[in-house]
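Student: Sequence:
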Amino acid sequence: MTEDRRSSPEDIDPDLLEVAREIFDAARRGEANILAAVIEKGAPPNLRNEKGDSLVMLAAYHGHADAVRVLLERGADPNLRNDNGQTPIAGAAFKGFKEVAQTLLAHGANVEGASPDGRTALMIAAMFNRTDMVELLLAHGADLNARDANGVSAADAASRMGAPDTAALLSKKAGT
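When we follow our numbering, the leftmost residue of the sequence shown carries the number 298, and every step to the right adds one.
A portion of the hints provided could be inaccurate.
Straight line, CA to CA, 25 Å or less: simulated PhoX-like cross-link-like pairs of lysine-lysine [stated by the list, open to error]:
| hint | residue 1 | residue 2 |
| --- | --- | --- |
| 1 | LYS470 | LYS392 |
| 2 | LYS395 | LYS469 |
| 3 | LYS469 | LYS392 |
| 4 | LYS470 | LYS395 |
Simulated from the structure, these hints should not be mistaken for laboratory data. The model shown is predicted, which means the values in this text are computed figures rather than measured ones.
Start from the sequences, fold in the hints, and give me the full structure.
Tutor: See the structure below:
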């Protein structure tokens with residue numbers, strides 16, 4: 298579990314592996330003070346687990362804006378994808394964590410946050426009827442007309458998923 302190359306758990310000292318697990322758990326719990334301390338002691342800010350989830354990804358996915366901010370202020374990459382190609386902004390959009398998304402965007406996150414299939418953070422927010430998140434992403438330049446690999450737009454995704462509020466909002470924004 299290194300910053301740039303992966304080691305199998307068998308190659309890592311068990312005590313070090315346990316410390317890494319504790320750091321990942323601190324990110325999941327949003328313990329910003331612990332994350333700050335371990336990074337200041339030398340832990341890489343882009344430390345990733347066996348699934349490729351970075352500390353920022355874990356903190357973002359669990360809704361901890363302060364922990365995300367602390368990590369980003371200490372050099373973590375707001376756009377670092379996990380092994381599935383997902384970004385922290387997409388995780389925040391999926392879960393509806395507006396404050397996390399604002400923090401990521403303020404620190405340089407790519408507003409699109411598209412996954413390998415082309416699904417953007419806007420599409421994800423629209424699918425789950427997260428109007429506040431849709432408004433935030435659009436205000437930061439999200440492409441209303443972007444389409445995923447299947448040709449589906451955010452408005453299409455909202456309609457297909459039965460998300461009437463975001464479908465209406467996106468239709469209004471598109472002027473249709």
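Student: What are the numbers of the hints that this structure violates, sorted from low to high?
Tutor: Checked against the structure, no hint fails, so every one of them is satisfied.
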